[in-house]
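Residue numbers (my numbering), protein chains in the order written: chain L, 113 to 396; chain S, 113 to 396; chain W, 113 to 396; chain R, 113 to 396.
Wrong hints could be hidden among the right ones.
If several chains are the same, the list does not tell them apart, and a pair holds so long as it fits within one copy or across any two.
Unchecked claim - Mimicking DSSO-like on lysine-lysine, the simulated pairs with C-alpha atoms at most 27 Å apart in a straight line are:
id: 1; residue 1: 296; residue 2: 133
id: 2; residue 1: 364; residue 2: 133
id: 3; residue 1: 209; residue 2: 245
id: 4; residue 1: 224; residue 2: 209
id: 5; residue 1: 296; residue 2: 209
id: 6; residue 1: 133; residue 2: 258
id: 7; residue 1: 224; residue 2: 245
id: 8; residue 1: 261; residue 2: 133
id: 9; residue 1: 364; residue 2: 224
id: 10; residue 1: 296; residue 2: 261
id: 11; residue 1: 296; residue 2: 224
id: 12; residue 1: 224; residue 2: 273
id: 13; residue 1: 224; residue 2: 133
id: 14; residue 1: 296; residue 2: 258
No wet-lab data here; the hints were simulated from the structure.
Number of protein chains: 4
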Amino acid sequence: MNSPTATLLISCPDRQGLVAKIANFIYANGGNIIHADQHTDFDGNWFLMRLEWQLDGFNLPREFIAPAFNSIAQPLEANWQLHFSDEVPRIAIWVSKQDHCLLDLLWRQQAKEFIAEIPLIISNHPNLEAIAKQFDIDYHYIQVTKDRKAEAEAEQLELLKQYQIDLVVLAKYMQIVSAEFIAKFPQIINIHHSFLPAFVGANPYQQACDRGVKIIGATGHYVTPELDAGPIIEQDVVRVTHRDDVTDMIRKGKDLERIVLARAVRLHLRNRVLVYSDRTVVFD
Amino acid sequence: MNSPTATLLISCPDRQGLVAKIANFIYANGGNIIHADQHTDFDGNWFLMRLEWQLDGFNLPREFIAPAFNSIAQPLEANWQLHFSDEVPRIAIWVSKQDHCLLDLLWRQQAKEFIAEIPLIISNHPNLEAIAKQFDIDYHYIQVTKDRKAEAEAEQLELLKQYQIDLVVLAKYMQIVSAEFIAKFPQIINIHHSFLPAFVGANPYQQACDRGVKIIGATGHYVTPELDAGPIIEQDVVRVTHRDDVTDMIRKGKDLERIVLARAVRLHLRNRVLVYSDRTVVFD
Amino acid sequence: MNSPTATLLISCPDRQGLVAKIANFIYANGGNIIHADQHTDFDGNWFLMRLEWQLDGFNLPREFIAPAFNSIAQPLEANWQLHFSDEVPRIAIWVSKQDHCLLDLLWRQQAKEFIAEIPLIISNHPNLEAIAKQFDIDYHYIQVTKDRKAEAEAEQLELLKQYQIDLVVLAKYMQIVSAEFIAKFPQIINIHHSFLPAFVGANPYQQACDRGVKIIGATGHYVTPELDAGPIIEQDVVRVTHRDDVTDMIRKGKDLERIVLARAVRLHLRNRVLVYSDRTVVFD
Amino acid sequence: MNSPTATLLISCPDRQGLVAKIANFIYANGGNIIHADQHTDFDGNWFLMRLEWQLDGFNLPREFIAPAFNSIAQPLEANWQLHFSDEVPRIAIWVSKQDHCLLDLLWRQQAKEFIAEIPLIISNHPNLEAIAKQFDIDYHYIQVTKDRKAEAEAEQLELLKQYQIDLVVLAKYMQIVSAEFIAKFPQIINIHHSFLPAFVGANPYQQACDRGVKIIGATGHYVTPELDAGPIIEQDVVRVTHRDDVTDMIRKGKDLERIVLARAVRLHLRNRVLVYSDRTVVFD
Numbered sequence: 113m114n115s116p117t118a119t120l121l122i123s124c125p126d127r128q129g130l131v132a133k134i135a136n137f138i139y140a141n142g143g144n145i146i147h148a149d150q151h152t153d154f155d156g157n158w159f160l161m162r163l164e165w166q167l168d169g170f171n172l173p174r175e176f177i178a179p180a181f182n183s184i185a186q187p188l189e190a191n192w193q194l195h196f197s198d199e200v201p202r203i204a205i206w207v208s209k210q211d212h213c214l215l216d217l218l219w220r221q222q223a224k225e226f227i228a229e230i231p232l233i234i235s236n237h238p239n240l241e242a243i244a245k246q247f248d249i250d251y252h253y254i255q256v257t258k259d260r261k262a263e264a265e266a267e268q269l270e271l272l273k274q275y276q277i278d279l280v281v282l283a284k285y286m287q288i289v290s291a292e293f294i295a296k297f298p299q300i301i302n303i304h305h306s307f308l309p310a311f312v313g314a315n316p317y318q319q320a321c322d323r324g325v326k327i328i329g330a331t332g333h334y335v336t337p338e339l340d341a342g343p344i345i346e347q348d349v350v351r352v353t354h355r356d357d358v359t360d361m362i363r364k365g366k367d368l369e370r371i372v373l374a375r376a377v378r379l380h381l382r383n384r385v386l387v388y389s390d391r392t393v394v395f396d
Numbered sequence: 113m114n115s116p117t118a119t120l121l122i123s124c125p126d127r128q129g130l131v132a133k134i135a136n137f138i139y140a141n142g143g144n145i146i147h148a149d150q151h152t153d154f155d156g157n158w159f160l161m162r163l164e165w166q167l168d169g170f171n172l173p174r175e176f177i178a179p180a181f182n183s184i185a186q187p188l189e190a191n192w193q194l195h196f197s198d199e200v201p202r203i204a205i206w207v208s209k210q211d212h213c214l215l216d217l218l219w220r221q222q223a224k225e226f227i228a229e230i231p232l233i234i235s236n237h238p239n240l241e242a243i244a245k246q247f248d249i250d251y252h253y254i255q256v257t258k259d260r261k262a263e264a265e266a267e268q269l270e271l272l273k274q275y276q277i278d279l280v281v282l283a284k285y286m287q288i289v290s291a292e293f294i295a296k297f298p299q300i301i302n303i304h305h306s307f308l309p310a311f312v313g314a315n316p317y318q319q320a321c322d323r324g325v326k327i328i329g330a331t332g333h334y335v336t337p338e339l340d341a342g343p344i345i346e347q348d349v350v351r352v353t354h355r356d357d358v359t360d361m362i363r364k365g366k367d368l369e370r371i372v373l374a375r376a377v378r379l380h381l382r383n384r385v386l387v388y389s390d391r392t393v394v395f396d
Numbered sequence: 113m114n115s116p117t118a119t120l121l122i123s124c125p126d127r128q129g130l131v132a133k134i135a136n137f138i139y140a141n142g143g144n145i146i147h148a149d150q151h152t153d154f155d156g157n158w159f160l161m162r163l164e165w166q167l168d169g170f171n172l173p174r175e176f177i178a179p180a181f182n183s184i185a186q187p188l189e190a191n192w193q194l195h196f197s198d199e200v201p202r203i204a205i206w207v208s209k210q211d212h213c214l215l216d217l218l219w220r221q222q223a224k225e226f227i228a229e230i231p232l233i234i235s236n237h238p239n240l241e242a243i244a245k246q247f248d249i250d251y252h253y254i255q256v257t258k259d260r261k262a263e264a265e266a267e268q269l270e271l272l273k274q275y276q277i278d279l280v281v282l283a284k285y286m287q288i289v290s291a292e293f294i295a296k297f298p299q300i301i302n303i304h305h306s307f308l309p310a311f312v313g314a315n316p317y318q319q320a321c322d323r324g325v326k327i328i329g330a331t332g333h334y335v336t337p338e339l340d341a342g343p344i345i346e347q348d349v350v351r352v353t354h355r356d357d358v359t360d361m362i363r364k365g366k367d368l369e370r371i372v373l374a375r376a377v378r379l380h381l382r383n384r385v386l387v388y389s390d391r392t393v394v395f396d
Numbered sequence: 113m114n115s116p117t118a119t120l121l122i123s124c125p126d127r128q129g130l131v132a133k134i135a136n137f138i139y140a141n142g143g144n145i146i147h148a149d150q151h152t153d154f155d156g157n158w159f160l161m162r163l164e165w166q167l168d169g170f171n172l173p174r175e176f177i178a179p180a181f182n183s184i185a186q187p188l189e190a191n192w193q194l195h196f197s198d199e200v201p202r203i204a205i206w207v208s209k210q211d212h213c214l215l216d217l218l219w220r221q222q223a224k225e226f227i228a229e230i231p232l233i234i235s236n237h238p239n240l241e242a243i244a245k246q247f248d249i250d251y252h253y254i255q256v257t258k259d260r261k262a263e264a265e266a267e268q269l270e271l272l273k274q275y276q277i278d279l280v281v282l283a284k285y286m287q288i289v290s291a292e293f294i295a296k297f298p299q300i301i302n303i304h305h306s307f308l309p310a311f312v313g314a315n316p317y318q319q320a321c322d323r324g325v326k327i328i329g330a331t332g333h334y335v336t337p338e339l340d341a342g343p344i345i346e347q348d349v350v351r352v353t354h355r356d357d358v359t360d361m362i363r364k365g366k367d368l369e370r371i372v373l374a375r376a377v378r379l380h381l382r383n384r385v386l387v388y389s390d391r392t393v394v395f396d
């Protein structure tokens, strides 16, 4: 299992023979499939598949896989991505003042739960620089105000390029990322609280507490221009009672946020998530 | 444990000595407390308590307990209720076309999970009459249309009186109950689906499915004039994946609805729920 | 989606090209795959796959599919099963005195959550005959004592043949099924309580209560000669507190048992479960 | 809510008037109760109560509360403890080689989720010293082998005295603590994995994986001489599937262990746990 693998994520209009066609491509080149999972959305007539195979013994050199597969994919009008397990993705974590999600991600990366490098932390506050130092990660404090929002996003984008970042994780980054920014750098995962029922407006934990909810939740999702409405990767909940005041709810919510965000990031990094029409298929 | 008990549910502005005052009332009359639970809402400066004690050996005759306690409660500006465990409450179940919650409640009552009588089923459709017959319960089909809404509610209210109903359970009753009706008969429990995030408008399961949610929920609550916003008694959730189509979600949702509704009804019947300022304290 | 489908469940020693080989078989015969899922157990070097495809437009007549696939499967030393979605399996439910699992299964079958016929209920007690009558199902009371255990099992087996039963569901059947019986009729699903930690011996709920456990569970599994150790299909848990006495635990346990058993039966009936070396893969 | 409070945890044989007697003691001295919860174990005829009240305005000086209450408690043959919220308990964390529970506890203490000091880490391995340094905590490496077990425990006990430790938390400390040690220092909380069913012997995660369990659990409990059988404070579970190999199970298990241990420690530190006859009542 420790030999490098290639992973293909593919989606296209449904038609006969897709599984066979794609599996044949691997087999014809001597590949050993270690994971194949497929889903068909019948309402949308859409086919989605994840295939992972060992590169050892595969006859196609790595750089020829994409061009070779492209000749299969094009007639199918397919969207597809190819990933190699030994190409380690680079993450930038964006934070504001809260440290729970940041610390959790750093700890998991150290514990090798994620195969990823984290060379960069960006914040709109200077508060968490000490943590960055402790983990020997560059920390860039970029002030974000109404006046200099565009300027700040330009600086952020420049840093992502400079550090060759593949994925941005908003680990309780309390600023809205503009549609323009997302257009230029779309690989962004966010975590936010969720409630049953939902609460609109300021201080949702206080609203949830006042309303006496019995369950609070958290959602890890890709970021889209429409706020908190991007494709959902992972969700979970925790029970609360009247004994929990707002402080307790926030504490329980934090625990949930760090676990749900970590799961979402891990699913993404293992190339388990396929997005289509504002939703995801999670092949796990 | 099988001797009859009295239960006091009380709430009032917080002040010193409330636990002692109330417990003393029981003790002074020779009562043996079998459950005492208390909660203080510090934001609202509000005290809430549930006390249950055995009637065997209690020196006050049953009919004198309320007047005696009233003299304690009045100076405290307290709201309070007194219940006796051997006075069996009478439930009317209201349904439309779906039978899952109805059957579940009937089965649990037969299995003695609820101590309650269910002499009456009201529906705005004739469909479920066979079930009523099977369980030997009166079934009243009352058509509800825009034109005769007020008329229908008058008939419903008349039936509740006639059958001496203490609690109405809306077991997937797909009509809105008017504010006027609730004012006249406020003891109503409802079940409804909940989602993370919430979905407004028609066909929420389809919306949830299209959005790729990973969790669906259900909420059991008291009915207030503001739709689906009454005090929450119980909530729970179940996981879904992209493998679940709308039909699967509805099926999982039904399982959840019947369990959450049953829990909410049972908590109410055991006098475990205290409502204040649009929320509940559940002493369980 | 309502056209009939064929489902292939296959497992064999892992080797290159299995996904391609099997998918090609479907594709070559003009089949449209609607579900393909695969798992490789690397420790055991074992390949497992589920494939479902639409029979409409499939070029092979139904009766030729098995022979045709056999010529592919044999060289692979594969175990495999073929199921058609319009061949409705027949279930016998075995009970003792408790009715909660029985009623739940009957209700779900009526609600079409299961595509199955339930023509037969067998019990070692006469108690639940009224339910059988109510649902118009044959009820056979077969006394089981030490002396006539073999005789009883012969009668049970005879009934299964007579009613052409495909699956036995032990819905709180409180007798041990002998290894000899299982050898002759291996398709049996059972439900039993589970605890953290486990409790050996009589009255496990009392033991769990005495021990102050905070969680109780239930396990739905295939029956093997080793008691309660067969391949696990589904498990779930529910929280309990010190407020729950033994009666409460049993009540919560019953709720869990009926849901977990129903899920296990449904997974089996949808041909989602593959057993290998005393464990299952659940393709769901 | 930020004024200091006193908390009384009391248990004794059940009899009439206990709630009144104890509440009166607080009231007579001008105390404002902010939490009162009571439980009666009817099988064991045992009464248990937790009472918390504000010290501001309480007429008894702190040092006289215990003697005064003792005169009430003695005739009741009660066990009781008195805690003050501003007397910060001191914790020693014991570890072996795994750091996930240690890091989690340290992070939560920094985040003020626990009101406690952590001046001491003891380990039977030198591995985690760097973490201790990073958090500026003394780290004592005490080798534990069969030969020097008694000697090692003497050293450990000496350290607990020297650092004035109130609570030992075994955060994946992989050595058995002797009955002699526990007799001398009984306040020890441990975390261990739990499975449905349970697995005895080495490498339980491998056994659970081989068995195809669908759920794994963790239990936080007080340590007693009988291994892993002490009073349970908190438990929780997480779902696993055939997709999870042993590594995944261990990873999910770690997440669970740190959360369940943190909850157990927090409940203990907030004086929410009462132990009686090998089980707990958790007033939360």
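Hints and how they fare:
{"no.": "1", "hint": "296 / 133", "in the structure": "neither (34 Å within a copy, 42 Å between copies)"}
{"no.": "2", "hint": "364 / 133", "in the structure": "neither (48 Å within a copy, 35 Å between copies)"}
{"no.": "3", "hint": "209 / 245", "in the structure": "both (16 Å within a copy, 25 Å between copies)"}
{"no.": "4", "hint": "224 / 209", "in the structure": "both (25 Å within a copy, 15 Å between copies)"}
{"no.": "5", "hint": "296 / 209", "in the structure": "within (26 Å within a copy, 44 Å between copies)"}
{"no.": "6", "hint": "133 / 258", "in the structure": "neither (52 Å within a copy, 57 Å between copies)"}
{"no.": "7", "hint": "224 / 245", "in the structure": "both (20 Å within a copy, 22 Å between copies)"}
{"no.": "8", "hint": "261 / 133", "in the structure": "neither (48 Å within a copy, 56 Å between copies)"}
{"no.": "9", "hint": "364 / 224", "in the structure": "both (25 Å within a copy, 13 Å between copies)"}
{"no.": "10", "hint": "296 / 261", "in the structure": "within (15 Å within a copy, 55 Å between copies)"}
{"no.": "11", "hint": "296 / 224", "in the structure": "neither (30 Å within a copy, 39 Å between copies)"}
{"no.": "12", "hint": "224 / 273", "in the structure": "within (25 Å within a copy, 37 Å between copies)"}
{"no.": "13", "hint": "224 / 133", "in the structure": "neither (35 Å within a copy, 36 Å between copies)"}
{"no.": "14", "hint": "296 / 258", "in the structure": "within (20 Å within a copy, 53 Å between copies)"}
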